[in-house]
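Both chains are sitting in their own frames, so use the hints and assemble them into the complex.
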Amino acid sequence: MNLPAELKYSKDHEWIKVNDDNTALIGITDFAQGELGDIVYVEVETEGDDINQGEVFGTIEAVKTVSDLYMPVDGTVLEVNSTLEDQPELVNSSPYEDGWIIKIKINDLSAIENLLSADQYREIIGA
Amino acid sequence: MEPKNIILHTEHLKRGARMVPFAGFNMPVRYSSDKEEHNCVRNGVGIFDVSHMGEFFVQGVGALDFIQQVTSNDASKLVDGKAQYSCLPNETGGIVDDLIVYRMAEEQYMLVVNAGNIQKDWNWLMAHNRGGVKMTNASDEYSLFAVQGPKALATLQKLTDVDLESIAFYSFVQGSIAGIDEVIISATGYTGAGGFELYIKNEHALKVWEAVMEAGQEFGILPIGLGARDTLRMEMGYCLYGNDIDDSTSPLEAGLGWITKFTKEFTNHEALKAQKEKGIERKLVGLIMEEKGIPRQGYELLAPDGTKIGLVTSGTMSPTLDVGIGLGYVAVAYSKPESELLVQIRNKTLRARVKKLPLV
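Residue numbers (the numbering used here), protein chains in the order written: chain A, 1105 to 1231; chain B, 503 to 862.
What the hints contain is simulated information worked out from the structure, not anything from laboratory work.
You may find that some hints are simply not true.
[To be verified] Here's a subset of chain B near chain A, in silico, CB distances under 8 Å, partners left out:
(1) Arg517
(2) Ser535
(3) Lys537
(4) Gly729
(5) Asp732
(6) Ile796
(7) Arg798
(8) Met819
(9) Thr822
(10) Arg848
[Claimed, not checked] Derived DEER-like restraints, expressed as beta-carbon distance ranges:
(11) A/Asp1153 to B/Met715: 39 to 45 Å
(12) A/Thr1127 to B/Gly744: 44 to 50 Å
(13) B/Asn849 to A/Asn1218: 27 to 33 Å
(14) A/Gly1230 to B/Glu767: 52 to 58 Å
(15) A/Asp1153 to B/Lys516: 43 to 49 Å
(16) A/Asp1153 to B/Asn745: 32 to 38 Å
(17) A/Gly1158 to B/Asp642: 42 to 48 Å
(18) A/Thr1163 to B/Gly562: 54 to 60 Å
(19) A/Ser1221 to B/Lys516: 28 to 34 Å
Keep in mind that this is a model prediction, so the values were computed, not measured.
Glycine residues also receive a C-beta, built at the ideal position from the N, C-alpha and C atoms.
If we strip away everything but chain B, and leave its shape as in the complex, we get (with noise of 0.2 Å):
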């Protein structure tokens, strides 16, 4: 199938993106430079056109139910304005996909899904709604951008009334930026950085983004591609769909026990908590090299003396820290902080060091 292109296609054209096919959708990978553009966001402020996320609305009675069945986390905690960060559990140990659950209003919610998830969770959805709870897939509507970095709150703020230091994080309000109404103005990021996230019609996409463009200019924001945001995820230690966690990864295993909650009935959840008093086996950690070398998706862990222990899933090149640094599941007795390992590099071993998240 060929990729869509999203709304701003020829504004990132001229802005001088490389375009490239990234989960349905030819994507901006970047700009200038990769570092450049991770330093920019990490230090002053970035735009990320991350239109290609999903987001679905599920509304009416039942609503609620419906999520706290299908999710992992407690929805049931959300307030009006409130987000949280969930997945969807599958039947045998897996991940269906990680979403954001944003509370709009009472039995009204979006869930924002992974671009590459949209049809896979939309047809989860429907096949575990028996409720009957009205589902909407908004995903060719909305625009996602991303503002993010210490500067994005400066940015964004000569754009609206709406006073955004009150926003916590997690939190959002439903306001007007750059003279456009009912922009979802969230505080959440895949950077670490700080900032929002806009989900705006995508008729007025692009006004939005010159106004960002333009506030920004003061604190020398640059558009920023999905290759600098996969480093800033990976310095932070959040996992991405496909590389960390998948239908095969238990959200305990992938550290993410934290959204998993056992005070209530979903998907799994009695073969999770099995899991989880049992104890798991391997665990999701990140790694940073104490050797020149840089960790990539499916280089294989080994222990001290040489046995197999792991995979790593996701690597690169730390802009911020300038030493490779990952993300692999390894055997729980080598997931301590501070542990030693080594990393099969082409036809050298290297040594590593488990670490605490985030990176840096």
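Bound-form chain A, shown alone (with noise of 0.2 Å):
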């Protein structure tokens, strides 16, 4: 299972990697492409808005099962990842780096703390 150690990951499957200028990139995780499986349609259309941890950003569609996306921290979305507009699978072969889905302004920083490491997050999952 990859999991890549400088991301802080969420209990609802989201990984975050927060950049020095307090934005940060959201995705999901490797375990959670796993799960869901051959992944068809991302839809996000909360660019611009502000919104609270643990509140729904977007939906993910795979093949079989449809699923929401979750904030893992507060905060505005400035930029959805066009790119799987038209190759979602990225999110399957990729979803650490061009599976990106949503860039955001973090509002608070120390947020970032209570969110899960890597091995944290391995627990939770059993991996």
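Structural data, given as structure tokens:
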């Protein structure tokens, strides 16, 4: 199971990568993409919105299932990965790089500390 | 209740299967990718372990009369080596289960039922078995492999002397496969891709599985999970019990008029005949999305003016068409092929069109 140590994780199977300028990238974990199977559609219509931690910022559809995407911290959605519109399968093949889903501005950087480390997340998923 | 393991449980794990509880069994839902497995069956050959399905044997004097009474299709048309799709109507207009009836010999039949309904069907049949026909539940003794796809015949022919080409659709023979005798080789399936279903005693299951995997190697055979089984059957518009048909759906509404034969008497036939004469009010139809979106079970179907006209019962992204497809019940006025309607997908209403089945 690929769980990069430099990322933070949520119990809802999102990862977050914090940049120096208080922005961050968010996607779903390798574990999550494996559970969902072939991703065929990523729908995020919250660009520009302020969203609280735990609220839904979009929806991800696999062949067989549809799942909500949850904000791991409070923030503003700055950008949606438009490549996913034509290539949603990038979430499967490159969950931590090309398959990122949104870029956000984090409201309060300290909230990151409440998220899970790679090891803590690994324990939760039993990998 | 803990789900049961099928006989080849560890074999599937070895091959990378993701096992999920389904209808009381831990079943392989996917080995690699739903799409890859789906395309492998459409274009080549794949093998499904569907050993969760139930097998009942019904035999002795009165077996045919009993089957005629409880099923909707006309089993008197069957000869030895022939099978038919049928259903068990209930007394309130719905369906207890759908099934396949095999005529093994005169007054000897095998009924193949859905895994999730094994106990329910057994109880139903026992309660209606007034003539005391001998019934055996052999579900725990048989494994069932579906070898499906355009290369299924070439794969299996390497393992048997039986001339597989001569087995017509919905026919079967009992023969040897991979040195195992008395395998029921049935030209049936749930994919629309052609191929066979093999009923094997559990003790020989692994040997047959391995032989088929090896024989199919030159054609790129893959083990296929329930995920692709579902997308394959949806493209064909085949009903799934619990989604598209259930205790409250009439076979006539479900488009199963062709297996509902009023030339004989059967459970609830009078009410169903009256329904046929009066005309049904809703009908199960196939849908293809005309906008980007995927219909899912329970989503509402709307007329172009926004009036609610029905519900989606099954839906997926079609790997073959690369668009959302579904099955659903709609008011009969909207059931004609090419009718336009809307699907309520979360906060959007997206355009879809009724299409003739199969969808691919």
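Hints versus structure:
The beta carbon of B/Arg517 is not positioned within 8 Å of any beta carbon in chain A (closest approach about 16 Å), and the interface hint is therefore violated. The beta carbon of B/Ser535 comes within 5 Å of a beta carbon in chain A, closer than 8 Å, and the hint placing it at the interface holds. For B/Lys537, the shortest C-beta to C-beta distance to chain A is roughly 5 Å, which falls under 8 Å, so the interface hint holds. For B/Gly729, the shortest C-beta to C-beta distance to chain A is roughly 5 Å, which falls under 8 Å, so the interface hint holds.
Taken as an interface hint, B/Asp732 checks out: its beta carbon lies about 7 Å from the nearest beta carbon of chain A, inside 8 Å. Proximity of B/Ile796 to chain A holds as hinted, the smallest CB-CB distance being about 5 Å (cut-off 8 Å). Among the interface hints, the one on B/Arg798 holds; its C-beta lies about 6 Å from the nearest C-beta in chain A, closer than the 8 Å criterion. Taking 8 Å as the C-beta cut-off, the interface hint given for B/Met819 holds, the closest approach to chain A being about 4 Å.
Interface hint at B/Thr822: violated, since its Cβ lies 12 Å from the closest Cβ of chain A, which is beyond the 8 Å cut-off. Given the 8 Å rule on beta carbons, the hint for B/Arg848 holds: about 7 Å separates it from the nearest Cβ of chain A. At about 50 Å, the CB distance of A/Asp1153 to B/Met715 disagrees with the hint of 39 to 45 Å. Look at A/Thr1127 against B/Gly744: about 46 Å separates their beta carbons, and that is inside 44 to 50 Å.
Distance hint check for B/Asn849 and A/Asn1218: the Cβ-Cβ separation is about 30 Å, which falls inside the suggested range of 27 to 33 Å. Taking the beta carbon of each, A/Gly1230 and B/Glu767 are about 56 Å apart, inside 52 to 58 Å as hinted. In this structure, A/Asp1153 and B/Lys516 meet the distance hint of 43 to 49 Å, their C-beta atoms being roughly 46 Å apart. Remark: the range hint 32 to 38 Å for A/Asp1153 to B/Asn745 is upheld by a beta-carbon distance near 35 Å.
Restraint check, A/Gly1158 to B/Asp642: a C-beta distance of roughly 45 Å satisfies the suggested window 42 to 48 Å. The given range of 54 to 60 Å is respected by A/Thr1163 and B/Gly562, whose C-beta atoms sit roughly 56 Å from each other. Between A/Ser1221 and B/Lys516 the CB atoms are about 32 Å apart, so this pair conforms to the stated range of 28 to 34 Å.
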